[in-house]
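J.: Listed below are the residues making up each chain.
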Amino acid sequence: MIRLTPENLDTEVARLACRLPPFPSVVMELLELTGDEEVSINIMVRLARNDPVILSGILATANRLRRIHAQPDIHDPFVAASLIGTNQLRRIVITAAMNKFAPEENGAEFLHNHTRAVAIVAHELAMLCDVSPDKAYVAAMLHDVGQLCFHIMDAIAFQDIYLQSATDGKLIEREAAYFGFDHAVIGSKLAEIWQLPADFVCAIRWHHADDTVVCRLQALINVAESLTRALDIPPSPKNRLTKLNAKAVAELGIDWNSPEMLDCFGRCRARFHQALG
Amino acid sequence: MRLEPGMIVAKPVTGGIGQQITIHLPAGALITASTIAQLVNKGVECVAVERAQTINGEAGARLVSQYESRLDEIFGLDPDENCRSLWEALRKDIP
Chain A
1 MIRLTPENLD TEVARLACRL PPFPSVVMEL LELTGDEEVS INIMVRLARN
51 DPVILSGILA TANRLRRIHA QPDIHDPFVA ASLIGTNQLR RIVITAAMNK
101 FAPEENGAEF LHNHTRAVAI VAHELAMLCD VSPDKAYVAA MLHDVGQLCF
151 HIMDAIAFQD IYLQSATDGK LIEREAAYFG FDHAVIGSKL AEIWQLPADF
201 VCAIRWHHAD DTVVCRLQAL INVAESLTRA LDIPPSPKNR LTKLNAKAVA
251 ELGIDWNSPE MLDCFGRCRA RFHQALG
Chain B
1 MRLEPGMIVA KPVTGGIGQQ ITIHLPAGAL ITASTIAQLV NKGVECVAVE
51 RAQTINGEAG ARLVSQYESR LDEIFGLDPD ENCRSLWEAL RKDIP
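Order-wise, the sequence lines are chains A and B. Heads up: the first sequence begins at 1 in my numbering, then just goes up one per residue. Heads up: the second sequence begins at 1 in my numbering, then just goes up one per residue.
Source of the hints: derived by calculation from the structure; they are not laboratory data. Glycine included, C-beta positions come from ideal geometry on N, C-alpha and C. Any given hint could turn out to be false.
[Said to hold, decoys possible] Which chain B residues face chain A? A few, computed with CB under 7 Å, are given here:
no. : residue
1   : Ala29
2   : Cys83
3   : Leu86
4   : Pro95
[Stated by the list, open to error] Below are the DSSO-like pairs computed for lysine-lysine, each with C-alpha atoms no more than 27 Å apart in a straight line:
no. : chain 1 : residue 1 : chain 2 : residue 2
5   : A       : Lys170    : A       : Lys247
6   : A       : Lys243    : B       : Lys92
7   : A       : Lys247    : B       : Lys92
8   : B       : Lys92     : A       : Lys238
9   : A       : Lys247    : A       : Lys100
[Unchecked claim] Output of the computed footprint for chain A on chain B, the stretches with three or more beta carbons under 8 Å from beta carbons of chain A:
no. : segment
10  : 31-44
11  : 58-65
Extracted from the complex, chain B is given alone in its bound form:
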């Protein structure tokens, strides 16, 4: 999805050149044409924006279940100690 004016920043964004941070947008900021130009110029590749709508109810539960089943396939049903921490983090991070 391409960033468009009118979208709302969902998570804080920082960007800059090298180690120098020259742009910071807090969560809740409104994206404008000028903001997009600055974000590109500062090398920001990706911005989390608020969703217009979320998938709830049965359809949402089905998507979560599919995601968890796929994780189980990737990691196996009993991931070893080193993999478990990543597996648990991904289970919390439902796309």
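Bound conformation, chain A alone:
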């Protein structure tokens, strides 16, 4: 394994990026289309026709509704898309596209579920904090993407580091000591290589920062990461919350004791358990 240094970081991460799935450009296109319903439906249906996962997600959601009404199943994706609406469509397309980044190695299940949990919590928080929920969802799905590079570099060592850190929470420090940099730095480099917007790069780079706010999206992902651990989703002895970025909480105007926030806790738990099936 080549250890990462400030001198080789850009070239090594670029090399690792070639071994990851290409970033789905449709995700950014969809985020830019927010509000243009007719165009969104046409684009998403065109995509669905070429992607069996997206197509089956759209048809399954629409047919579940039709079965409640005792109506026969439909097979036309455009009719199905019109029935379920752009919000659900966008969610199905984004989830299918982002799931391609879910690590599949043995022992990566917790990481996958943690990512999904942070995405759900970020989505729910965004609705209360005037941040685009879809943008928050995508940024959260990517926040730990740097760890995929560690799986490529040395999967066994990374699993050991992950397990050791369950007891003391010193994951970032161990990653940096073994690989040269932590996953937040590597992930932000990947985001730059994929030419993601600057707020995505910042959100990934500073999602573990205790005392830094760079932009609202970063503040949101940072707080979502903490809240996910506080809510114990997915359940794990690794879930500890000893520090909370107070500047990020203030930036988002969060009042933990408000009735809306208490609802948000329940919605996050319910959606996560529903997502696990």
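Add chain B to chain A, keeping to what the hints say.
T.: Same frame as chain A, but now just chain B:
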């Protein structure tokens, strides 16, 4: 738990497209097949419904105690000032 016709909404629900709210259900509303279709179409992911039964007595107290112990593990016994407010809110929000 999947939303089914016949359930009763426990907390108000709003949904819509973008910033435009196009559906609002008050607490106490009856869920119908048509309501479910509209909620899905408006992008509503989650609805609080009234429970068929609640867990009371000793079993309920045990669940609350387990939940509070788990929160203490997550936050530690003396959370710092920034964490305390979240810890207190979660202690009030017993799932």
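J.: So, for every hint listed, does it hold in this structure?
T.: Quick rundown of the hints versus the structure:
no. : hint                : in the structure
1   : Ala29               : violated (16 Å)
2   : Cys83               : holds (5 Å)
3   : Leu86               : holds (5 Å)
4   : Pro95               : holds (6 Å)
5   : A:Lys170 x A:Lys247 : holds (22 Å)
6   : A:Lys243 x B:Lys92  : holds (20 Å)
7   : A:Lys247 x B:Lys92  : holds (24 Å)
8   : B:Lys92 x A:Lys238  : holds (23 Å)
9   : A:Lys247 x A:Lys100 : violated (33 Å)
10  : 31-44               : holds (count 8)
11  : 58-65               : violated (count 0)
Consistency with the previously given hints fails for numbers 1, 9 and 11, ordered from lowest to highest.
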